[in-house]
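Going down the list, the protein sequences come from chains A and B. The numbering of the first sequence is this note's numbering, which starts it at -15 and goes up by one. The numbering of the second sequence is this note's numbering, which starts it at -15 and goes up by one.
Worth flagging that the hints you see were computed from the coordinates, not collected in a lab. It is possible that some hints are incorrect.
Pairs involving identical chains hold if they fit within one copy or between any two copies, as the list cannot separate such chains.
Said to hold, decoys possible - With a straight-line cut-off of 20 Å between C-alpha atoms, the simulated PhoX-like cross-links for lysine-lysine are:
id, residue 1, residue 2
1, LYS211, LYS380
2, LYS336, LYS21
3, LYS265, LYS211
4, LYS280, LYS211
5, LYS78, LYS156
6, LYS313, LYS336
7, LYS378, LYS31
8, LYS380, LYS290
Quick caveat: nothing in here was measured; it's all calculated off a predicted structure.
Protein chains: 2
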Amino acid sequence: MKNSVNIGIIGLGGRGASMVEVMAKMEDVNILAVCDKYQDRVDNVIKKLVGGGRPAPMGTVDYNEVLDMPGIDSVYIATDWECHVKIAIDSMKKGIPAAMEVGGAYTIDECWELVHTYEETGVWTMMMENCCYGEREMMVHNMVREGVFGDIVFCSGQYAHDLRDEVAYGEKNRHYRLRNYIARNCENYPTHELGPIAKILGINYGNRFVSMSSVCSRAAGMEDFVKQHKDLKPSLGNTKFNQTDIVKTFIKTENGELIELTLDTCLPRFYSRGFTVRGTKGLYQEDGDIVFLDKKLYRKNEWDQKKFWGRGKKFARKYNHPLWHDTTKEMLEAGHGGMDWFIIRAWIVSVKNGTLPPIDVYDAAAWMCITPLSELSIQNGGATVEIPDFTNGKYKNRTPRNDNIYDI
Amino acid sequence: MKNSVNIGIIGLGGRGASMVEVMAKMEDVNILAVCDKYQDRVDNVIKKLVGGGRPAPMGTVDYNEVLDMPGIDSVYIATDWECHVKIAIDSMKKGIPAAMEVGGAYTIDECWELVHTYEETGVWTMMMENCCYGEREMMVHNMVREGVFGDIVFCSGQYAHDLRDEVAYGEKNRHYRLRNYIARNCENYPTHELGPIAKILGINYGNRFVSMSSVCSRAAGMEDFVKQHKDLKPSLGNTKFNQTDIVKTFIKTENGELIELTLDTCLPRFYSRGFTVRGTKGLYQEDGDIVFLDKKLYRKNEWDQKKFWGRGKKFARKYNHPLWHDTTKEMLEAGHGGMDWFIIRAWIVSVKNGTLPPIDVYDAAAWMCITPLSELSIQNGGATVEIPDFTNGKYKNRTPRNDNIYDI
Chain A
-15 MKNSVNIGII GLGGRGASMV EVMAKMEDVN ILAVCDKYQD RVDNVIKKLV
35 GGGRPAPMGT VDYNEVLDMP GIDSVYIATD WECHVKIAID SMKKGIPAAM
85 EVGGAYTIDE CWELVHTYEE TGVWTMMMEN CCYGEREMMV HNMVREGVFG
135 DIVFCSGQYA HDLRDEVAYG EKNRHYRLRN YIARNCENYP THELGPIAKI
185 LGINYGNRFV SMSSVCSRAA GMEDFVKQHK DLKPSLGNTK FNQTDIVKTF
235 IKTENGELIE LTLDTCLPRF YSRGFTVRGT KGLYQEDGDI VFLDKKLYRK
285 NEWDQKKFWG RGKKFARKYN HPLWHDTTKE MLEAGHGGMD WFIIRAWIVS
335 VKNGTLPPID VYDAAAWMCI TPLSELSIQN GGATVEIPDF TNGKYKNRTP
385 RNDNIYDI
Chain B
-15 MKNSVNIGII GLGGRGASMV EVMAKMEDVN ILAVCDKYQD RVDNVIKKLV
35 GGGRPAPMGT VDYNEVLDMP GIDSVYIATD WECHVKIAID SMKKGIPAAM
85 EVGGAYTIDE CWELVHTYEE TGVWTMMMEN CCYGEREMMV HNMVREGVFG
135 DIVFCSGQYA HDLRDEVAYG EKNRHYRLRN YIARNCENYP THELGPIAKI
185 LGINYGNRFV SMSSVCSRAA GMEDFVKQHK DLKPSLGNTK FNQTDIVKTF
235 IKTENGELIE LTLDTCLPRF YSRGFTVRGT KGLYQEDGDI VFLDKKLYRK
285 NEWDQKKFWG RGKKFARKYN HPLWHDTTKE MLEAGHGGMD WFIIRAWIVS
335 VKNGTLPPID VYDAAAWMCI TPLSELSIQN GGATVEIPDF TNGKYKNRTP
385 RNDNIYDI
């Protein structure tokens, strides 16, 4: 076991730069290198690290220099979506375990390549799906394990986040979402909701995704937003956005559960992952933070949903994951209410201990492939498409890892 | 204009019997006949009416006797789903306008027959979709009309109601749901959520449903419920229920909106119609009773949905439908929080005034046809199916009626 790990960070946009700050707070993490294709981002991050009393890391605009740097134990990849898999593959090939930020894939082929590279090199990539460490997601997973909800029949979730500003000002902010929203129409960001659901349903561990279909609304939100903002007119006044406002995806699992995913990023709304789990004995629903159990006490108020708003909180003491029983201010402030701290720790602990990560290439491939498959389904009028089994049958006998507290 | 109307009531199960009580409170309604295929139900309703000081109506087990009774102005049909359309057609053919309770159709053919009979006889049938008169549904319709939510892109709704008890004890209670849940797998009850949405989107009034598809979960809830109740074992211990626990249906409209329907009746849960309207300027969402508008004041709290719970109530004063500004205790206690009173008044006023009803055969056909089409889609693995235009092109030039306050 290592006492500390030497890491490189590739991609210093919004996500990368904020995660550097979290990692810089961890005493067992040495940031040896930082990289972005824009030099000014590199300079800014180095300045911030040095200003905070950290040693200056090597800075570069070429990620290969990070992978070739002596002593690097692992890299964290937070580039644009298009480069995630390519860099993870290059990293594994050089013997360096990678932590890859979330996003959808572009082709089924790159999902297979991710898997094959792991199988050929024996070096892992972990997908950094922070929502797998969300407080409610972990609590509900616990409740499912203990049978509180009975047999699980249906799960749903969404990435419901008003991103009009981020997308529209993508040129100014050098953000990859803009070009993706212009060119594609798909479930472009499935993993925040699908990751926790896949873990709950044992996907790749005795269960698997079998088939799926997607339908979409029209694209009205972005165009309306551009019209409202005069400064966007020169660059986007005549732009047609292919990405529709609402994309719905249905996945069927081998064990018979139905999963509903929603991408909802171009209309005004509050943020919600809409995390919902339905079983024969009860439910959890994020909208309203509702727990409802098949008991007289609940049924007598079934007509007044207000009575159940906020009830999720009451179950936290009994069912929260141990990680969420001992949170510190530092963890909670790390980002996204604490999830970011835990996902980084999960990765760092895997590197230190030399164990396999809790979210592996099979998970990444199964979750990321939803994006190109949703594109295909929509192009074919909502047709049902098969989902590959990236484990090649191994899912039947795999059991979830149980090396440390971060295994989920 | 008539001062009072003479009505007959056909179907005296749970719904019919409770609606008789509401109608009996209306001074301009004379209940001339009551009918059910079970004599004891007929006897009980007559006894109750007489006990309440009303004249004894004619009682019969043959609905033709009601249709043939001299002086009948209209009939209200609350039989099992299977007989709704048949009796409405017989009624129209005898020159008697009918009020038909809600439910899905069994075939596309019966939807056409409903429409053709109206067109041939000139006698109307009104569909008694009470949820079109729900407080929030009417408020949101008003807000949509006034542009509060901008261009509407997506609407969703559900019939989410734990009916396990009603279904499982269907033999004892002589309830038609039992046989339907054993034999069919479909969106069997689409209109509570689809009716209000169709009115908001102007379906049959410049807009129409174009195509749809349905997917479903497995069927686990009913079997689990039967196992839990020993008294059900003799009759249902070996029964396989075809009806799945969750059925999702997507409808595309000619104007480009996407509609999502959910049937959710076999798992423990609180009641919710999940009524949701999404536009380029804001949203209403029943779960949490949330209004969210595209304004700074809202956006600054976008990460904390709790701040918006119950906000719908704050918009009631400004946007409630006039009907909901002057409710009396009697109306609110009439059933389902007041909706039942309004839908009955809408029907009675149409009969008294000799005007066409606010929910006509074209609406009924468009909403009810979702049931057989969902069956077809599910049988074909979620395939997209076309939805007929029951107006034969007339929808392009139809405008919503505006005869009285009940027109929606």
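Handout entry: Violated constraints from the hint list, given by number and in increasing order
Key = 1, 2, 5, 6, 7, 8
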